[in-house]
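K.L.:
Here are the chains, one letter per residue:
There are 2 protein chains.
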Amino acid sequence: MNSIFLKACRGEATERTPVWFMRQAGRYMAEYRAIRAQKTMLQVINSPELSAEVTLQPINTFGFDAAIIFSDILPPLQGMGLDLEFVKGKGPVIYNPLRENKQIDLLATPPAEESMQGTLDAIGLVSAELTPRNIPLIGFCGAPFTLAAYAVEGSGSKNYAHVKSLMYSEPAAWDRLMNKLVTVMTDYLLKQAQAGASALQIFDSWAGAALGKLEYAEYVDPYNRALIAAVKRRTDVPIIYFGLGTTLYMDVVRENGADVYGVDWKLPLSEAWESLGDNKAIQGNLDPIALLAPWRELKHRIDIVLDQADGRNGHIFNLGHGILPQTPIENVQRTVDYIRERTSN
Amino acid sequence: MNSIFLKACRGEATERTPVWFMRQAGRYMAEYRAIRAQKTMLQVINSPELSAEVTLQPINTFGFDAAIIFSDILPPLQGMGLDLEFVKGKGPVIYNPLRENKQIDLLATPPAEESMQGTLDAIGLVSAELTPRNIPLIGFCGAPFTLAAYAVEGSGSKNYAHVKSLMYSEPAAWDRLMNKLVTVMTDYLLKQAQAGASALQIFDSWAGAALGKLEYAEYVDPYNRALIAAVKRRTDVPIIYFGLGTTLYMDVVRENGADVYGVDWKLPLSEAWESLGDNKAIQGNLDPIALLAPWRELKHRIDIVLDQADGRNGHIFNLGHGILPQTPIENVQRTVDYIRERTSN
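Chains as they are written, first to last, in the working numbering: chain F, 118 to 462; chain X, 118 to 462.
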């Protein structure tokens with residue numbers, strides 16, 4: 118496959134700027150809501166047919182240039198021994214959060230098939246459908262820190278006190294936990310590539326909110342590097358690292374070995390490229406809130422992103438964070454169409 | 118008064134590094150919890166005697182080099198017409214959030230005495246107590262964006278969709294709202310200085326979480342500049358700007374006219390000074406979570422902050438965010454003592 122998305126991941130010239138949106142398979146689409154009205158999050162994730170259907174909905178409706186498999190970063194923790202539920206109106210909860218070193222020692226490191234067979238099968242179904250159409254499918258996982266934070270906090274957190282206390286106070290236990298996560302995620306990403314994913318995104322959703330530059334460099338970055346290096350030893354699919362809120366220390370992040378860096382909506386892309394170096398590909402970074410604005414304002418904000426990218430090779434248009442459930446679908450369509458039109462050679 | 122805190126605010130040499138902690142009057146102290154067990158947040162804020170007592174507790178217990186008046190950034194919104202309550206376990210709620218332009222037009226801009234007399238009187242009581250002891254008292258307010266965000270969202274927000282939609286979609290209404298907030302906060306800060314505050318801190322708690330660099334520069338920074346300039350025309354007390362999460366665009370923030378910049382715990386102070394210029398004073402930036410760690414690790418993290426400050430004039434030691442309720446008080450005392458000892462000439 119040689120789609121414009123994959124070319125952009127490799128920093129090659131493309132005939133126009135590829136576009137996809139984080140959480141593009143999601144609640145802003147009526148077709149998605151119809152399925153979720155009948156099924157829980159984990160039921161959809163565990164069903165290859167339903168995940169595949171949901172993954173394809175935005176591709177068929179809006180014509181995005183890449184699909185991302187419908188799943189979540191947390192279910193792989195179940196195979197390690199964590200008791201996960203997505204609670205309506207509250208989000209994911211882990212009922213046995215890691216609060217004792219002994220719990221860390223007891224965590225299993227099973228192969229991905231054990232808890233993620235549904236997602237691997239869904240990848241097979243979607244890639245069988247999309248490969249003939251030359252549309253790539255992105256697999257993904259959570260970054261070790263973000264997964265550790267969830268496993269230790271047990272739910273969303275305001276200040277990450279438990280996980281940071283562990284990190285600061287028990288560096289040896291921290292290292293064991295992070296190494297186990299690297300092991301499990303390496304296997305999971307490789308299995309996704311084998312199953313048909315032609316790019317892999319690592320979501321570090323919490324590192325930037327939780328950690329300063331020095332802490333990120335000391336306690337997080339080595340494990341991101343280890344994960345990326347381990348995957349790269351066994352596959353050549355491009356790896357995208359999206360560290361929400363980490364642009365403050367891009368000089369550390371840029372060394373982790375990824376091919377593409379997701380940039381959140383806080384930093385203008387021109388400055389992101391200055392920090393990253395022109396030879397890196399960048400994915401981003403329209404503010405998802407802009408999709409709620411009237412077209413005139415929305416277009417203005419799309420133009421800012423495209424002006425900053427300035428036609429560089431290696432720009433993948435995306436949002437700077439996941440699309441919001443209240444996004445009007447006509448704004449999504451108009452945005453995708455406008456980006457295609459404006460960037461076509 | 119010529120305390121080491123005020124000297125540091127002006128960038129002058131001091132015999133040692135002054136230290137105070139954001140939220141130093143707060144739930145980590147048993148004396149504070151005893152009062153709050155009997156009284157609501159607003160009752161304490163509205164009582165000059167209780168606010169004064171709570172303000173003085175950490176000064177008398179730990180020997181901080183500055184007091185900050187016990188209050189909150191939101192009560193001034195009440196005088197403008199917003200219906201505020203601090204709901205136990207949930208935080209502040211505004212029952213009539215701004216969702217229509219007409220509501221913005223109806224907001225009042227009364228003088229500070231109307232809703233904040235309790236705080237102004239408390240400042241009088243505390244400064245009468247502390248001036249003879251040569252300990253300065255800091256007054257404060259919320260920055261216009263952070264207050265607007267609360268007024269529009271009505272409570273804590275994950276993505277600030279309402280306030281950013283207003284900002285993007287209705288720039289004229291946004292300008293009217295922000296100007297009203299500048300008017301009210303200018304008056305409130307000046308009245309606090311008149312009542313006895315010898316420094317003034319502006320808390321921009323949400324700007325960095327909500328806004329990218331371009332949006333901050335366009336929709337927020339002009340109003341911070343207007344507020345700071347208006348206050349500076351009428352008083353020479355130093356102004357501290359603390360924009361949580363705004364260090365990513367320090368090159369914009371540093372031009373707003375403040376004398377001191379609060380730096381959150383994400384950016385090493387040496388890099389903060391690089392962005393700000395050596396002639397600015399900096400307040401920060403120990404991670405509050407470090408205060409939960411064993412002394413060996415806590416000391417290591419204090420040393421990092423002091424090493425980065427490297428004895429520069431204009432360093433005020435503080436946390437990078439408010440102290441956490443679960444902080445052991447012995448760690449607070451040991452931290453204050455250690456900073457005094459290590460930085461004394």
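Mixed in with the good hints, there may be bad ones.
All copies of an identical chain are treated as equivalent in the list; a pair is satisfied when it fits inside any one copy or across any two copies.
[What the hints assert, rightly or not] Straight-line C-alpha distance at most 25 Å; calculated SDA-like pairs for lysine to any residue:
| no. | residue 1 | residue 2 |
| --- | --- | --- |
| 1 | Lys205 | Gly273 |
| 2 | Lys205 | Leu242 |
| 3 | Lys416 | His279 |
| 4 | Lys297 | Pro227 |
| 5 | Lys349 | Gly208 |
| 6 | Lys275 | Pro411 |
| 7 | Lys219 | Tyr277 |
| 8 | Lys275 | Asp189 |
| 9 | Lys416 | Ile456 |
Just so you know, these hints were derived from the structure itself, not from any lab. Please read these numbers as outputs of a predicted model, since none were measured by experiment.
K.L.:
Taking the hints in turn, state whether each one holds.
P.N.:
Against the structure, the hints:
no., hint, in the structure
1, Lys205 - Gly273, "both (14 Å within a copy, 19 Å between copies)"
2, Lys205 - Leu242, "neither (28 Å within a copy, 49 Å between copies)"
3, Lys416 - His279, "between (42 Å within a copy, 19 Å between copies)"
4, Lys297 - Pro227, "within (10 Å within a copy, 59 Å between copies)"
5, Lys349 - Gly208, "neither (32 Å within a copy, 46 Å between copies)"
6, Lys275 - Pro411, "between (32 Å within a copy, 22 Å between copies)"
7, Lys219 - Tyr277, "within (20 Å within a copy, 40 Å between copies)"
8, Lys275 - Asp189, "both (21 Å within a copy, 19 Å between copies)"
9, Lys416 - Ile456, "within (10 Å within a copy, 52 Å between copies)"
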